[in-house]
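Novice: The chain contents come next:
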Amino acid sequence: MDAGKVRHRALEQMHKAIALLMAAVLAGACTPEKRSIGPAPPSTPPTGPDDPRAARIETNVFDVSEGGRHFRWAGCGQCHGRSASGFARLDDPAWRCGGDVSRIYASIANGCGPGMPAFGDRLTSEQIWRLAAYVKSLPKLDPHLRQRGDNALAGEPDGRQWKGPLT
Amino acid sequence: MEGSADVILYKRGLLTLAAGLLSGCAGQQSVLSPASDQARTLSWLGLLMGVICLLIYLLVVVLLGLALRRRARPAISPTGEVSGPVEGWLQRGLTIWASFVAAVLVVLAGASFVTDRILATPRGPAPLDVRVTGQQWWWRIAYRSPITGEWIETANELHLPLDRPARIELTSADVIHSFWVPGLHGKLDMIPGRANVLAVTPRKLGWLRGQCAEFCGLEHALMAFDVKVETPAEFQAWLAHQAAPAQARAGPGLALIENGACGGCHTVRGTRAKGRAGPDLTHLASRRALAAKTLSLSHGGLMGWITQPQALKPGAEMPASGLDPERTKALVAYLEALK
Amino acid sequence: MSAVPILDRAEAEARCLAAWRDAPGLWGFLTTVDHKRIAGRYVCTTMALLFMAGVLALDMRLQLAFPGMHRMGAQGYNEAFTLHGSTMLFLVSVPVMEAMAMWLVPLMLGQRNMAFPRLNAFSYWTYLGGVLMLWVPHALNVTPDLGWFQYPPLSGPGYAPGHRTDVWAQMITFTEVAALSVSVNTAVTILRMRPLGMTLAKMPLFLWAMLVASVMTILALPAVMLVTSMLIADRLVATHFFDPVAGGDVVLFQHLFWFFGHPEVYIIFVPALGFVAQIVETFSRRRVFGYIPVVLSLLTIAVLAFGLWVHHMFAVGLPKLGASFYTAASMAIALPTGLQIYCWIATLWGGRPRLTTPLLWVIGFIATFVIGGLSGVMTASAPLDLQLTDTYFIVAHLHYVLIGGALFPLFGAFCYWFPKATGRLLSERWGKVSFWLVFGGFNLGFFPMHFLGLMGMPRRIYTYGHEMGWQPLNVVALAGSVIAVGGGLIFVANACFSFKRGAPSGPNPWEASTLEWACASPPPPYNFTHSPVVDSLTPLWPPPQVLPVVTGLSLDEREVLVTSVVDAQPVHRQASAKPSIWPLVSALAVSATFVGSIFTPWALVWGTLPVAAALTAWFWPHRRLTPGARRLLGKAT
Amino acid sequence: MNALPDLTPVGDVAELPDAAMGPRGLIWWGTFGFMLIEGAGFVLAGGSLLYLWAQAPQWPPVGAPPPALGFGLAFTVLILLSALPNIWLQKRARACDLPASRLGLVVMGLLGVALMGLRGYELAHLNIRWSANAYGSLIWLMMILHTSHVLTDLIDTLVIAVWSFTHEPGRPQFADISDNAGYWSFVVLTWPPIFLLVYGLPRWS
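Protein chains in written order, with this note's numbering: chain A, 1326 to 1492; chain B, 39 to 377; chain C, 178 to 814; chain D, 1114 to 1318.
These aren't lab readings, by the way, just hints derived from the structure by calculation. There could be a bad hint or two in this list.
[Said to hold, decoys possible] Below, in silico cross-link-like pairs of lysine-lysine (DSSO-like), each with a Cα-Cα straight-line distance of 30 Å or less:
no., chain 1, residue 1, chain 2, residue 2
1, B, K266, A, K1488
2, B, K266, C, K497
3, B, K312, A, K1488
The task is simple: from the sequences and hints, build the whole structure.
Specialist: See below:
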């Protein structure tokens, strides 16, 4: 009677599955999902590449997605849309002025070479932080998902234009 | 004894009804204080149904009480079968009850159908075109200009002329919201990809309150707006004033708006502030409230909202300005001048 | 009666016990396929969740009792009502009704187990996966926060970043798989495993109710599984089902969701009607008045329930004509429901009622549910609904229907069958105390909400201003809820105490009429040594000196009797599955697949391998190998 | 009074068979229940497709050619033909004919493999990506739904085939074989409507 063997196989299977389940849940857990509401979002520029706030904000899905909405509201898509090319293109790993959050912040706030003006006065620090986090996420973002996300925001104002709601 | 319990329940019901009516009328967001043809029609329908339902409920409770009261009981065979006159009455009662319920339902459905037809055909002069767009978490309101035919935009405060039908086009810029002013009409959803139209004919002067009635995310609770029903003359004056550009007096405040972060999201017509993401501020000071009725429009309100919006309406898309007190004062001074 | 041959019960019981006993200890716990043990787990889990979700509700009432409370923030409140709604509807109401069916149906049929014992085990483990799917992420602060309905686009890729929504959607997949398994099991058991003589026309009303509810489940739940899968696909692989820009439509979600969502209400409510029928019959000491009208009204409800989902969407702005049609359909369903109410009252009228706790709960059900039914008629009116929907009027309505209409009968059912399940009687005194507290507290707490709705208080708001004048009634609501929860705790305490110290009940303490009362309390693992034969709706009225049974079902192997659908003629003997670990393993494999599919679509691909393997092992028939091959385990399943 | 009644035999079922074929058997009803569930899923998915089709100005939308007909037709013909050996297998299984059942299972297994191959080509020639637009999403939804059923029954058939070659089946196992064949009939029957929705609607609407 090899019920013992059966049992052993079963427990093995079970452990595997449980480990998988916990791993999966943990992967999506804790701070990345936290909605930083209240006075939480940073309100001063990054102190440098190793500003701890950078790591926090670029891993926070809520801040990143808010960055996506600021991206549209500030009209960034008019130069940096999905069809953008060359330096304006943001979904490739090539960065003209550095690709970490603090440098992206700097590029948005102070401009970056010819063609990229400074927006430091037109946006608050909080908005730039989230924009930077979103821009940083673009190269990792599947283009179809980016398209899908843009569609979802299609009814919202795009910079100074607002085509009106979708009807 | 069950009956008595329900009598208590019923009394409590009446008390709460009284309380409800009182405070309901006090509030400007009550189904029980209609201010338009449509809302009045609906409140009559509601009253009719409410009364009928209450009577039916009492009937059921009485029957239940009678069924349970102490009295001689019919003989029951060991197999549980019951025979005798009572059973015969109960059989006939079943038929009567069925036809009674059916009849009541026909009446109610008929009343509902008629009401629907009445609502579908608003009477009165040429309707006023208004477009209300829901956004997280405020209301973009636009009027068709009688002169230029262009849209005149404002936010969070809806003005309607008395006795004139208004054709309110309801749309959404982001997620699903629901436009609900109980004093004017039932709610109607604002759905991305669709335009719904609500026809209302205000019949009572004064202020009403509306609120988003479809869960729309974090600050769904703080998405309300004011409605003012005014005489046609007042309304024309108001609309003309709203159509005019801001009496922009140059100064530190205006500079902040045009060159600072405000202009990135807000428009002040007649200035270089042309952002679209946020509410139009051209005549901000002419309104009663701020941030979709989160705050009253006052000096303190403006100061607080500009310096700490996230503390007052956590998660709202309005960021903290990060301005020092001096510049904040200048900014507020300018905004207060936007009559 | 001396001429009647009497079977040797002791010997038969010993042999059946040997064949049906579970392995001792943990292994037996993990492998059991005993419908009573599994159903017991279901009930305990649901009650624990009922308590947790109830505490959430109290917390929300506290938050709303005063304007501008800071007990919770917006995020906290949104998470609270999402957890409350999702738990109550997906993890409590539907599962507990199915658990009751799982426990009762075989007993009421005089059967030894259900048609597919291992499917029951699989169902529970999958359901447990759904519970963890919702509450473990909550512990890790990945709580769904968009309500129990999660309409796109709010739940779509643009506005719901992260995995909160996916967690909710997959929790549903888990629970629906579990629910569908039980429903198929229940329906087949009722249709094919009735004792000889129990034709459809002699079937107790509870079985009719469960049959109807199971078939409704089978037809309704696929809709919600489909729509949540579409939502996940929109979020994970960039499909466009709910994307108006690319030809999708956000309202499609609502249609599919409510095509499930409305029958869902009746899937919860119809089993409750079954409880009511059995309780009223037993405590009126007479047959239910109007058996045929009740059965017909159950069937009518089932048909109509699929024709009125749109009444949840009147505010969407649909064509007026359509709205009128759904108004008519929605009101029409009040007719069969009203007929049943009449039949219960008539049964009490023409009977000799005994006001025991179970009957009290049923009386409370009538007095409370009718309010919900009538407010339902009001909301069925398309124009009036525009003022009522998404306000506290609806909050009141749905709680009157679900608590008054389903939970009260359920509590009554607990009191009624507690002696059968435990062999002990509940304390009548404390039972009555808990009833009056729950009944009074509930009505005190929820009746005022009708007026809050009329006063313009919308649903799902975490705070309101003082000027709204909503505070007094919200305080009343809080008070009522506290009282009701207190009563609930007394109910539980009474159950726990009586479980240990209650007076022995004997097999049939209520002198009830149906077959489950013809086996020992608590029932042995095999329920019945021999399959009974019935010749009336009330086989135990009058209490038989000798119960007619058929012999020939093996006493030493797990075997059940399969009969024909309509007239319950014997068809064949069916070997009944032995305990097995594979249902659990399969559930784990399925869980891994579901959880993985939140993160990558490929999980569905590689997940099929373990699932297929586990299922193969599950169904692998152990029989003699072809000549030349060595023997494996002896013949089985 | 409140005690267990004695039991008296009024009949005996020892002579009943230990399994019955088709609708007379118990397992068949379980399978049928799951067919109902999946059928409901198909109907609702098809309903969603028609719902969006009715709203669309153009089907398929501009720039998307309809799915290539060739492989679709081939699959349709083959799956319809597969019904014949399937019915034969069901008959033989109900007659407890072991050699024939084994042969039938092998044939159905091979057919299933061939169909999955064809289905691969079909998916490769739908001429639209699910992430392109709602039309594409729905086409893929229908195809994935049906493919998963073909695959399920294929795996089931292969497992049973292996089992039947290594064991000596009894009536219950022959009943399983016949129920598995019944499930395949379901998979066959669900295809034509899906074919019309996926291949027909874009062409003839």
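Novice: Which of the numbered hints above does this structure break?
Specialist: Every hint satisfied by this model.
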